[in-house]
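All chains should be built: construct the whole structure from the sequences, respecting the hints.
The listed protein sequences correspond, in order, to chains A and B. Counting with the numbering used here, you get residues 1 to 715 for the letters of the first sequence. Counting with the numbering used here, you get residues 1 to 696 for the letters of the second sequence.
Simulated from the structure, these hints should not be mistaken for laboratory data. Hints may be right or wrong, so weigh each one.
Unchecked claim - Every beta carbon over 12 Å from chain A, so not counted as near; a handful from chain B, in silico:
# : residue
1 : Thr95
2 : Val145
3 : Gly164
4 : Pro176
5 : Thr372
6 : Ala648
As the list claims (entries may be wrong) - Computed Cβ-Cβ distance ranges for the label pairs, DEER-style:
#  : chain 1 : residue 1 : chain 2 : residue 2 : range
7  : B       : Val145    : A       : Met518    : 25 to 31 Å
8  : B       : Leu34     : A       : Arg645    : 56 to 62 Å
9  : A       : Gly87     : B       : Val145    : 20 to 26 Å
10 : B       : Gln147    : A       : Gly580    : 30 to 36 Å
11 : A       : Glu517    : B       : Leu34     : 58 to 64 Å
12 : A       : Val578    : B       : Val145    : 39 to 45 Å
Virtual Cβ for every residue (Gly too), placed ideally from N, Cα, C.
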Amino acid sequence: MSNVTVNPVVYEVIRSRLLASTEEMRIALQSVSGSPTVTEASDFFTGLFLPDGSFASMGFQVSLQAPVVGHLIRAVHDRPHLEVRDGDMFMGNDPFVGALHQNDLQLTGPIFADGQLIAWAGVEAHVTDIGGMDFASWSPRARDCRQEGLRIPCVKVVEEGRPREDILEMILTATRLPAQLGLDIRAFIATINVARSRIAELAGRYGAGTVSEVMRLMIAQSERRTRARLRELPDGIFRATDFLEHDGEANRLYKIHGVLEKRGETLRFDFSGSSYQAPGFINCTRSGLEGAVIGSVMPMLAWDIPWNRGILNCCEIVAPDGLVVTAQYPAPVGSATVEAIWTTTNVVSALCNRLLACSKSYAPRAQAVAQGTMATFNLGGRNQYGEPFGLHLMDPLAGGYGAFASKDGYDAGGPHNSPMASIADVERNERAVPLFYFYRRLARDTGGCGTFAGGASAELALTLAGVDEAEALIMTHGAEVPNTAGLAGGLPGATVVQRWAEQGASEGVLDAAARFEMLGPKPGLRPMRRGDVFAVSWQGGGGWGDPLGRDPDAVLRDLNRGVISTQTASEIYGVSVVDGALDRDSTEALRASIRQRRIGVAMPARTVVGEVLLPIGPALTIVRNAEGDHVIGPSGHVLSSGHTRWREGAVSAPVQADQLPMHVLHAELAMTAWYCPVSGILLALDIHRADETPQHDVEIDLAQLTAPTTAQNVA
Amino acid sequence: MSYYVGTDVGGTFTDMWVADGSGQARVFKSPTTLDVMTGVLNTTRLAAEGYGLCFEEFCARIVRFGHGTTVGLNALLTRRAARCGVLTTEGFGDTLEIGRMRRLTSGLSELEVTDFFLHNRYDPIVPRDMVEEVPERIDVNGRVVRQLDETQARAAIARLVAKGAQALAICTLWSPVNPVHELRLHELALEAMPDAFITLSHEVSPGVGEYGRMSTAAANAALGPVAGRYLSRLEKELQAAGMTVPVLMMTNAGGVLPTASLTDRPAYAIFSGPAAGVIGSLAIGEMLGEKNLLATDIGGTSFDVGVIVRGRPVMRQEISVAGADIRVPSIDVDSIGAGGGSIASVQFGALQVGPQSAGSMPGPACYGRGGTEPTATDADLVLGVLDPNNFIGGAMKLDGEAARRAIHDRIAKPLGVDVMEAAWGIREVLDAKMAALLRRATIERGHDPRDFVFLANGGAGPSHAWALTRELGLPKFIVPAAATAQSAFGCANSSLGLTRESPVYLRAGGRAVPPDSQLQTVEAELARLSQEAAKNLESAGARGDLVLERVLSIRYRGQTNTLDIVVPGEAFGADAFLSAARQFEQEYEGLFGRGAAYSAAGFEVVGARVTATGHLPPPRIAASGEAMRPAGTRSILFDLRAGPVEAAIWRTSFPPPGAEVVGPAVIEFPGQSVVVPPGGVARADEMGNLHVSIAA
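Put into structure tokens, the structure is as follows:
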């Protein structure tokens, strides 16, 4: 493709410069933007792209957005009448072109050197309002994407360096927050300008061909490293399912079903078993599905590999049209990012970590699902300064991070799709918008229990201040679905709790007698008056391993920090605390009795001895002897032979939502626990449709498992 | 004879810079000790010996004692800080735990942030069981919406006392707007713990944003008992030996203050070492009449850059220490993991250098301490830049064979090139990274690096400077006479300085002028801050020529980042506002390009700051120097294509005025080697600074 050869030193020098330019793009955007989603929470994307739209570098913001601007670039190429010239910039936000939803405004500009198009710079950010039937452009009432705000497929907004003020004015006319969006668009233009001047300078020095060749090599390099990583992992088939409830119209349950087939150096994700598209705004288009997959594969399997298109080149995505993850025009997709896409990231995370948990080298870093939902609280109206305002509260990022196989998850650790997420100070929010917080703190019993516990979620309660009324938009999934699934016997994190107390506060104090109503997942738009209280806690991270395996001292620490209740300590963890001190003897007895209660009379162990091939999480092992391959439990007892569908040999029991702390379960869902029939150790807790049986989540290709897999460094 | 003394406590060495009355300056170094103070006293003894005096005689002749440290206070903070409790508003006791989620990625390099397994490196600065909540609440306007419950407050304080709190940070919501509850809690706390070190958040960090304010207050309180004790013991010890002047402590913001003025706010000096380095560069700039300076420092593990524009160091409002956001005005020192110890490796066919460092144990392969990974120092040795027999003035022999072997095995072989080319590649990659930081520090702030004078400090700075200046298109660089002890030099050459700030708030709609009442509030705050700053600086010993600078932090409505706009005086009417807004837009367009300004967004003023500076007479510096001695030649690779050339080697500890060396050459000092490339010329000025011009 190219006849330019680049030596390793020049490669590294140019590569560092390109990464530095990407970082400068971030700084320009965050400095100029007026949207708190950008300045405080990093809900945006900056990147550099090859002429064909493949991303070569990106900032460490929302990983789901990685492929998005590439679609816009390809859309420009598909429209010859657009005539790409130096100094042009193109804007888009159409989910049927490549955006995740209309709020994701993108701008991209070509970079020319020596009269030749060598790269594109792209930027994307979530803007609070882009028009549509309701404030914030995502409405539970929408039945059609044409109700969800202005759709911009691909428009030239800067022509050879000169902004097309007529078009920009048209776009600002569509939004309810023109001052904020105006500043954002300036920020976009500044961001592209930064990239353009840096890359042009680089091309002037090293030659246009060299710079674009380095970008191609960066992608090839990441692809090579990803393939090498995949060769270290066992082949097999992995399954995971997650759900989202309420489509804006009714409380229906939607399934996102993922099958990962890992063969050699490739990953094949099949979502064919997912639900059909919804009448309401929870769907995503195929670009959303792609964003979810790449946005999760990168942090889960390519944590130390530079993030670019090369990683995606190792992934195949399969899904027929018309599913909730491949919605067809004109399906509404307003809340795609926080609904279908977010839930898909949970599934992809669960799939990748089932794979890691079966790896000799990487098992300690396998992790349970993090922050399985991004609840929405939007507020609009006139603020305390008499100006029109719009708030997209980013505090819900502060859910719990999933537990690892070797350590606890992080409290308020956030989702895995945003490596540098952050939330604003309470004081900053109270100054910027007419809100008053009663508390913002860690929520008790929200982290999924486990040998290693999921991080606790934060929670908050607030009312209006400085104004008498405003309009609130409240919605989430995961109020009745425990999306932050545990792994290897760890329990899921708590479900979201959204509560409302009409006139529940006076003069800065929550009324002791305030009556809170449960809002359920999607109460939607509602008027909020001064004194009305909204209270919410989000999902904690999933747990890892049987809770009875947790170090009792760690349980005592959790108790002292206030992140678990005494009831959870005794009932879930089997830890006995008397007068603030551990009672180790009665803890042992308590734990033994819980294990015994799980399985009744223990069955006699049937054990085998053999060569250890692979782990499946902390409790199960694949061993090989003369008779074949077996999955054995912690006591050496054989659960399955000839395949890894170990559930066939385990004891199962239904689990009710009220047996877990802080859990509400959708009417169509059920939970099933799987125990080792000899030891009573919890091996897995499956969340599944009540009318379906749990699936086998790990089927290792035993035939491929000839010798211990080792890392191969191929130069 | 009288002595001007500057000391700086670094991670490995405690440096001392001394100028005697003749203007001759010398540098002394001894190892840093865990208690910090012993290292300072040891170095002082060393200096006394150097001048042929006994410790007491030397102390008695000290006319200025400037002091700075980063690692010292940092170590105290992370390892041996006092047990500290926090009192805060009910409902917000987890503020440090949640840490705005920023704590999660604090301290991670750009290669590490994508790995969630590495997140959450630092625990909260105060453990949760030492945080107590108190029923009370003040709103955004400073109105008490919930009275302080004194009974419960007393109980909370009692619980902290029972848990052994020796220090206490009090941080309630909106205290900078109305401190009444923090003040009352202070009184209540004093009843129960009269000897405790207590920090009120609105005093130490009066800005909006509770996380930074609480972190700062907690760090300050935890540090207070130890830092205060150490500084007053140091002063006592030196004064007992006969020193008649106070210890002047360098602050983060770059002015010195007597330790007595800092005992209640040690957080203001937590970053004093790097700040002192930039102040040292500023002092050199003043001597040379240069106002735009790049103050660079290349050590073993990091490359630090401070930028001085029009005679003022670029500042930042927040620094991160051990995961905590410390929000006090500080000189902005940008840093990346690139230095002599940076490890080179080949991964999947690509050459990478840093950010991992071999440190000093095992150190570079050529140290012969068991290190097998090649580092930038190994590359310098192979390229001929370093002399194996004259490293750190001959104090350490370098193993050239070990360096070659490491580079051959780990770099040259996998890349299929020879050792020389591999070593060259390591240098190129590392220099490119450093150049990128210099670009970021200048271009990103709207400046052209070519408008700056490049000052090369640190052990490895003077040997890399020629490549960096060439890369940035600069005509020359300067190696300051005290390049290996620039922070110590800065401590002895700083003015008195302190900053007072206030979270004033003013909001103006698109193109509108804010109402008079708001403007008057700003005016009153500017007056109050000016008065307070002047009074405090006078009590710190400033005489006569006291200079006040007033700054407003301005942004477009809704933005987070602000620009600092200097306002001419305290009067702040509509005209002053409009002129500040105009100046804001001018600087803004300078930063983000023509057309980026957007008046329609409206303005916010989110803070006022007044800096008071009191001039101190600088030590006289006039070098008599020590003649350059020729020490043969060495083959050095300056350009891969041209191949190695024979370079003249010169040695001196302090170049005499007017001395000149033509490149290719290396001028070896006891702690550094100045590389003069072919076509370059190095010339010493009358203060012992070396000016190295580079052929275009």
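Against the structure, the hints:
{"no.": "1", "hint": "Thr95", "result": "violated (8 Å)"}
{"no.": "2", "hint": "Val145", "result": "violated (3 Å)"}
{"no.": "3", "hint": "Gly164", "result": "holds (15 Å)"}
{"no.": "4", "hint": "Pro176", "result": "violated (9 Å)"}
{"no.": "5", "hint": "Thr372", "result": "holds (17 Å)"}
{"no.": "6", "hint": "Ala648", "result": "holds (28 Å)"}
{"no.": "7", "hint": "Val145(B) / Met518(A): 25 to 31 Å", "result": "holds (27 Å)"}
{"no.": "8", "hint": "Leu34(B) / Arg645(A): 56 to 62 Å", "result": "holds (58 Å)"}
{"no.": "9", "hint": "Gly87(A) / Val145(B): 20 to 26 Å", "result": "violated (54 Å)"}
{"no.": "10", "hint": "Gln147(B) / Gly580(A): 30 to 36 Å", "result": "holds (32 Å)"}
{"no.": "11", "hint": "Glu517(A) / Leu34(B): 58 to 64 Å", "result": "holds (59 Å)"}
{"no.": "12", "hint": "Val578(A) / Val145(B): 39 to 45 Å", "result": "holds (41 Å)"}
Checked against the numbered hints listed earlier, the structure breaks hints 1, 2, 4 and 9; every other hint is satisfied.
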